[in-house]
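Undergrad: The primary structure of each chain is shown beneath.
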Amino acid sequence: MDFAYTQQEEQFRLELRTWLEENLPEGWLDGTFNMPEEQAAYGQFLRDWQRKLSEGNWAAIAWPKKHGGRDATLMEEIIYHQEMVRVQAPPAINYVGLHMVGPTLMQIGSPEQQEKYIAKILSGEEVWCQGYSEPNAGSDLAAVQTTAVKDGDKWIINGQKIWTSFAHFADRCFLVARTSKGEKKHHGITCFLLDMNQPGVEVRPIIQMDGEHDFNEVYLNDAVAYEADVIGNVDDGWRVTIALLMHERTGIGAQVFSLEQQFDALVELARSVTTDDEALIEQREVRKRLLDLYIKSRGSLLNYYRNLTKQLKVGHPGVEGSMDKLFVSEVTKELFSEAISLQGHQAITWKQDAIYGDSYWQKNYLYSFGQTIGGGTSEIQKNTIAERILGLPKDIGK
Amino acid sequence: MDFAYTQQEEQFRLELRTWLEENLPEGWLDGTFNMPEEQAAYGQFLRDWQRKLSEGNWAAIAWPKKHGGRDATLMEEIIYHQEMVRVQAPPAINYVGLHMVGPTLMQIGSPEQQEKYIAKILSGEEVWCQGYSEPNAGSDLAAVQTTAVKDGDKWIINGQKIWTSFAHFADRCFLVARTSKGEKKHHGITCFLLDMNQPGVEVRPIIQMDGEHDFNEVYLNDAVAYEADVIGNVDDGWRVTIALLMHERTGIGAQVFSLEQQFDALVELARSVTTDDEALIEQREVRKRLLDLYIKSRGSLLNYYRNLTKQLKVGHPGVEGSMDKLFVSEVTKELFSEAISLQGHQAITWKQDAIYGDSYWQKNYLYSFGQTIGGGTSEIQKNTIAERILGLPKDIGK
Amino acid sequence: MDFSLSQEQEMFRQYVRKYLQDVETTKIARDYIHGDINTVQQSLAGLNELGCTQLNIPEQYDGMGLGKLDLVPIFEELGAALVPGLHLETLALAAPMIEQFGSDEQKQTYLPSIASAEATFTIAWLEPGRSYKKQGIQLQAQHDAGSLLLQGVKTLVPDVELATHIIVPVRVNEQIALVIVESDTAGLTVSPLQSFDETRKLSQLQFDNVRVSTNQVIGQLDEGWAILNRGLLSFNAGLSSWLVGATERIVQMANEYAQIREQFGNPIGRFQAIKHRIVDMKLDLETARSLSYYANWTLETDAPDKVEAIVSARIFATQTFIRAAADNIQIHGGIGFTEEIDCHLYVKRSRFFENYLGDIDTYYDLAIDALGWTDVAAPTALPITP
Amino acid sequence: MDFSLSQEQEMFRQYVRKYLQDVETTKIARDYIHGDINTVQQSLAGLNELGCTQLNIPEQYDGMGLGKLDLVPIFEELGAALVPGLHLETLALAAPMIEQFGSDEQKQTYLPSIASAEATFTIAWLEPGRSYKKQGIQLQAQHDAGSLLLQGVKTLVPDVELATHIIVPVRVNEQIALVIVESDTAGLTVSPLQSFDETRKLSQLQFDNVRVSTNQVIGQLDEGWAILNRGLLSFNAGLSSWLVGATERIVQMANEYAQIREQFGNPIGRFQAIKHRIVDMKLDLETARSLSYYANWTLETDAPDKVEAIVSARIFATQTFIRAAADNIQIHGGIGFTEEIDCHLYVKRSRFFENYLGDIDTYYDLAIDALGWTDVAAPTALPITP
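Chains as they are written, first to last, in our numbering: chain A, 1 to 398; chain B, 1 to 398; chain C, 1 to 386; chain D, 1 to 386.
For reference, chain A alone in the conformation it holds in the complex (with noise of 0.2 Å):
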């Protein structure tokens, strides 16, 4: 056992510490940085940001170094995932691209294909999107009722897809089709490549419960894909999105740094909040709170450090990083719900009149909401864990 860094990590976080203190907006680190609210802006800053970060080779390092990356151990990056948490980097505009799409087609994707897009998603030249989800198919993928028909050398797409994130700056999406009606659901579904700037692809933005646009739909309507933007093969898309999937994982590290700097603001929120000149942390109750919550974000970090080293041993990541999703997810919306009981009445404003400037309690409670939803709800994980940890018996309708 041994929470020791290599002194080549060392070095690597020392480097990417200096390049971030260097390259990040003026006013950044002292909070003094107002963000574009305006979004044509924001994503225009956003998109300056990874093509700064690109610049310095810091855009997507586990990516090898001939595309552009770093070749970067896993260990590597979770540092570099530390250190963004640490600063609270401008959010990947790119996402999907750099995480998911990218390495997919590097696995999977034809050499065209790879010429095509993969220097475009590096430099966030093309920003991508990912349509997966679907109305009547949320937490059941195979369910996927878009479709996908060929006419001639084109395919003419139909179809709904919901909660996909970045659409509204995206310049095209990582879009799942069904092809053909197989013997099971999971049969017959095609992945496309397909450009966000036609005609057939209408977006409208869902508004979320805490006032942001993250999400939107995405409305079909005799969309149009080439051959070329078939990625995999035809009806066989379903090994393509697991591939795609199995991608994702790596977010669970940010969320568990977050949450690690989200439990130290609320100390230090229970030490700064006063009322009739005492502290909340005065109160032996709202330490105990505290505590309770340390002794979880705590364990949610161990958690992801245990299973990392498995990873590091076994070469790729396992089923775990359901255990690990779920219990970051369920002790972050803990942690920002007690952080409103602990604010008292005072927790009820918003903005700019709330204890911390923009909402920052507020806002992430309200987010939390969402965090044992997307990426699979927390009785998705369950079953997860269950049947593929557990081996407890496969649910109804599976």
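If you're looking for bench data, these hints aren't it; they were derived computationally from the structure. Take these hints with a grain of salt, some might be off.
[Stated by the list, open to error] With a Cα cut of at most 20 Å, we get these calculated EDC-like pairs of lysine to aspartate or glutamate:
id	chain 1	residue 1	chain 2	residue 2
1	A	363	C	340
2	A	181	A	210
3	C	134	A	277
4	A	363	C	222
5	C	134	A	278
6	A	154	A	48
7	A	52	A	21
Chain A is already provided as a structure; the job is to place chains B, C and D on it using the hints.
TA: Then chains B, C and D, alone, in the frame of chain A:
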């Protein structure tokens, strides 16, 4: 809304209370009476107590007067339970006979069966048990595997029953057996009034985790019943079993009133137990935990009163009984678990060395685990509530 | 023994429910989010026509002279539809305090206008950085020529926009007095605050030598704290009914959605993770309802256990509402996370009420005191020691 | 980064598991319930042969000189099989205290006999009506001709029957000293107490001028409290491993039963009420394990966060064990409620450990102090304010 008792009801309470004070064993009310420990003596003590109750017409007040009851109203039954709990009266050894078999006989028994059994049930001369559960049919009554095969004028019964309360005292058993294979699982079941005193019936004790012996396994090896012992029609026992189970529900009141009393005892515990000369109740957190339990035990009582009101209006018990059962048993479990926690390390004593004599808290804590299992597990109650009150879909396997 | 609402009370509930369904239930709340005060005022007028505002006002003041229990179904229905406005503050806090402790003049002035829905009350209690405890009230009132001059700041005051009057606990010579201030009084500056629960507006109120006649004091100058606490019993009994109504709607939403929404070829309500969770919500709901009915009954009959009964109802109903509102989102999945579906409105309101007019924590202590548990010497009398 | 036990440690676990399976796991515990001390003593000898008792004793005292982490798999396996005996008290409490704070003579006397399993230690701490706090220690020790005379009563002392020695915190001139008393010393009267957890025997100990040489004091006469608290860190790290092992067995029991037992034509593990509950147990188990591994690592490396790490592990592992043991009964249904199935043994032990050698509540305060939260002035340094 009106919580008052009528003058008649108060009169009833007074009459019963007076009778109890005059007829309970010497030393019972001041806690100096010691129950016989040896099983046969204990059984005899309980039979004697029931005989005494029946002589005062207090054994089965809900029964018609012509059968030795009092034609009691539902409210009088409630008061009866309250008073019995108040004095912690000895348990009714013929609970199954008085509250289940007796009423069922009156409802669907033949005149001969009524003549033969009812009076002896009331006097405690014949103690009954109930042969429903089997090792593979716990929550799933329709899965009964014990068989009864016709052989001339006899039925030859083979199989195994489990969780049979009072079987070690019982003279007769209300037994469910399969007499033919129906299309549906609950077809082809027949109910028998079985003589327990025969070579084909073997009773083996089940020792519980609290060291007590309330339940038994009953092995049936060519046990014999006769035509006259069939209640209802052959192969139509499902209807009979439902009738019997409907009568069981009145036990919830006793649990609710016991919970009230147990909560009061817990407050008394928190007042009287000290460490380093500080009473537990002096700790604010202890008081808060008590308040949570106060709210829930009050809630349990008030829920019961609300459902009772409905029952008084519609004239029969409703499916809400499942909610009462679920809630009171879960709260009881929580209460005793808290009682153990509150006592700190002192809680690990037992019997005469425990804080309350005869380890009242420890025994009840252990016993409480059975309350969310027996009479339908909490999971089964939840399915009933979901399907019959909320209209949610039926579960798998049903 | 009859632990249920009367037929008349249930019938009145149906009228209110029908009316609110006619105006599309949460539409009023959603309009208010977008700054439309009009719809809210119209709904108040509509409720007034039904008689909601007259119910518990004595007949001599143009009311119906009915009891606390008659308000129960109304508050339940208002909660179910999240109707914005100062119904609880006006009908369950201001009206009972004025009726019970107000001068004849105050009764004649305010009770008929409450009954006619012309007067609506909010309460300005909290001060910046201070608590709901007695010591938290520091806004100063100085005697000046038969008047009081109010100087200080109140914050998180709800819905001043909708109020004709404000109840203000103030400090006079180290005592707490309760003053009724007209919301357009000179010297009073209202600064809007952003609200987490968009269906309730918030403001900070600056009092700059606001002059209030001593006739506007409810009861005596040193009775304010006691009167407020008496008023809060009534308020919390009403609030617990409101919370029950809101929770009932949540359970209904979750239940309906679980029967319609299919995943893996089954309605999600067939999966026990969803199915049993809705049962848990239902069980909590019915327990909250039992506690709240009883709370209102103790209020109506002035029963000796009214404090613990009412506080228990408020605590449990609040916790139930918070939990159910959160679970409702999880049951709805992604769609429950959107602004479009009502789920989030209930979540936000659940946190609004969590510590409204008193921290949950303080309410624990209040019930504990009422139960005599802080009196260490007093033993509980048990009929028989177990 | 390598957050796992080493191959050697995992291999050692397999030896211990194999040995305990050979003696039918809980059979040792069940024999002890029926008063059979022999089986327990044989199992101790067996474990000694495997090397369990030598692991963390320095080589110069006939041990293997391995670290705290090497004890982890052993305690996990002992917990899984509920092996009765004073393993934790001897190996994780007495041995580290003697090694770290004992005199050379004490080390030479005790450490080799612990390694050879000839010496076993219990601890007599609690006194009737008193707490685990410092003020709870009132048993008096008087100086008398180079000895101490002990006068007083200790209670709830575990397994004296199995102990050759007893560690006794005593009061000497208002200071706390830790004394090693041989269990057959004159003046010591042992009165058995009935135990809720039948796999641990309890006794009350009457000390009537029990004479103990001052050589038997661990450290200085005024260092007892500090040494005990240092020893408790080691004990609680070990205990958390024990609890993890016990919980793992529970999860295994529940999981296996849920796959075999059928109701309504399906294994009960197909119903999410059961299925997801086992997942919850599993998740808690793995979290407890992560916390306990880390706790033992901080102990081994004397890391600055060792107090909060170890206390966190103990608190979480205890709560997990209590919850899992209770849920295991519910999952087993009726059969889980019987004496015959092992479920209840785990429930009882879970309550035994709940407040053993320190109330859960006191441990909360200990971790809170260690985290600096009682120091109101000290702000937490955040890299960047959110």
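Undergrad: Next step is simple, just say for each hint if it's right about the structure.
TA: Going down the list of hints, with the structure as the test:
Between the alpha carbons of residue 363 of chain A and residue 340 of chain C the distance comes to roughly 17 Å, so the proposed pair stays at or under 20 Å and holds. About 39 Å separates the Cα atoms of residue 181 of chain A and residue 210 of chain A, which puts this hinted pair outside 20 Å; it is violated. The hinted pair formed by residue 134 of chain C and residue 277 of chain A meets the criterion: a straight-line CA distance of about 14 Å does not exceed 20 Å. About 42 Å separates the Cα atoms of residue 363 of chain A and residue 222 of chain C, which puts this hinted pair outside 20 Å; it is violated.
Straight-line distance between C-alpha atoms of residue 134 of chain C and residue 278 of chain A comes to about 15 Å, which keeps the hinted pair within the 20 Å bound. The suggested pairing of residue 154 of chain A with residue 48 of chain A is violated, with an alpha-carbon distance near 34 Å, which exceeds 20 Å. Using a Cα cut-off of 20 Å, the hinted pair residue 52 of chain A and residue 21 of chain A holds, with the two alpha carbons roughly 13 Å apart.
Hint check: violations occur at hints 2, 4 and 6; the rest are consistent with the structure.
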